[in-house]
Amino acid sequence: MLRVKQGDESAFAALVEKYQRPVMNFIYRMVLNTAEAEDLTQEAFLRAYRAAPRYRPEARLSTWLFRIAINLALKKLRAGRRNRALSLNQIFGAGRRSSEPAAAAESQPDVQLEQREMLRALEAALHELPERQRIAVTLQRFEGFSYHESAETMGCSIESVESLLGRAKSKLRDSLAPYAPVHKAGRLEVEHGVPDG
Amino acid sequence: MECRTVRNKISSLIDGELSDDGARAAREHLRRCRTCALEYRDLASAWELVAAIPRMEPSAALWPVIKERIPQAPATGLPQLRRWAFPALATAVCAAGIAFGVLLGGWMQAGERAPLARADDTPGRVQNFQSIRHFSDAPPGSLAEGILVSSPSSGKRGNEP
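Residue numbers (the numbering used here), protein chains in the order written: chain A, 233 to 429; chain B, 81 to 241.
Just so you know, these hints were derived from the structure itself, not from any lab. Any given hint could turn out to be false.
Only some residues are given here: those of chain B computed to face chain A with a beta carbon under 8 Å [said to hold, decoys possible]:
#: 1; residue: Asp95
#: 2; residue: Asp122
#: 3; residue: Ala131
#: 4; residue: Met188
Think of the CB as a built atom: it goes at the ideal place given N, C-alpha and C, for glycine as much as any other residue.
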């Protein structure tokens with residue numbers, strides 16, 4: 233980042249290469265639209281480049297980048313809410329996915345259909361969460377942030393993150409209840425028991 | 081540990097954010113309490129399901145597009161300056177406008193008072209000033225004066241001597 237501050241383009245290219253996936257995935261899970269996620273990812277990196285002189289090394293780089301991404305995603309969501317409601321196509325629209333589970337089940341149309349339906353339900357359940365809960369879920373569940381890192385990124389206390397995630401899990405459980413039998417059938421092989429460790 | 085306490089901690093237990101002692105006590109409770117164990121199982125299942133949402137792959141054109149949009153000049157402190165420069169400029173313009181208005185108003189007021197207030201005015205000038213019939217209905221030489229004079233019923237009006 234210090235090299236980026238001095239206008240080193242190759243250092244900036246390396247930074248984009250390292251963080252483009254997590255930043256884009258975070259933004260995608262907020263706006264649920266592939267094209268918008270790409271545009272906002274570009275914008276996030278350009279803002280980071282422009283703001284580089286103000287970057288202080290004591291702040292974690294990922295925290296700083298995600299803070300920019302959060303601001304952009306929230307701005308987009310709020311602007312979108314004023315103009316129109318999200319269409320079902322946006323929630324359920326197909327995007328480029330690196331690990332489309334349907335690929336493994338191409339020969340079984342029923343399984344493929346069921347998995348697609350499950351993914352749509354998961355994205356819809358995520359979309360139904362209030363903004364701050366969705367941010368906390370995305371940072372913790374998808375980007376592997378600890379509560380401490382999430383709190384730092386979101387500018388709130390660890391207790392707030394704990395509370396947001398607790399409420400989000402309850403909501404997700406309620407939204408995904410109809411899919412629990414499929415889940416319990418063992419397709420996703422989740423361990424339901426209380427862990428010993 | 082009570083059920084209520086454990087239920088508040090289930091989310092942190094799932095995320096591995098409890099201290100060793102806290103996690104041990106919570107697990108101990110879950111082994112004994114079926115209701116809390118079911119709550120744990122349901123939340124953990126939903127949490128596990130959410131992780132099944134696949135990751136997006138950025139397009140290969142992402143970096144070229146960003147590169148194209150990078151400002152030619154290296155990053156500077158200009159954006160920070162811009163953030164407060166506009167409001168500061170607007171405030172300065174407003175303040176200057178108000179100051180100019182106050183000064184202009186004062187100057188005009190002083191100018192209006194001057195003929196009456198000036199101590200060095202001679203009696204002749206003051207008399208001359210008072211004789212000006214600004215407020216006459218029909219100042220001398222005006223069309224109104226002609227009409228009033230020619231009208232038999234009106235006679236002389238206003239400040240006419």
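Task: Hint validity - Met188 (chain B) Cβ closer than 8 Å to any chain A Cβ - done: 48 Å, violated
Open item on the list: Next item in the hint list is Asp95 (chain B). Is there a CB on chain A closer than 8 Å to its CB?
Closed with: 6 Å, holds
- [ ] Return the status of the interface hint for Asp122 (chain B): holds when the least beta-carbon distance to chain A is below 8 Å, violated otherwise.
- [x] Given a least distance of 5 Å, the restraint on Asp122 (chain B) holds.
Task: Restraint outcome when Ala131 (chain B) is required to lie within 8 Å of chain A by C-beta distance - done: With Cβ-Cβ at 6 Å, under 8 Å, it holds.
In this structure, only the earlier hint numbered 4 is contradicted, and the remaining ones agree with it.
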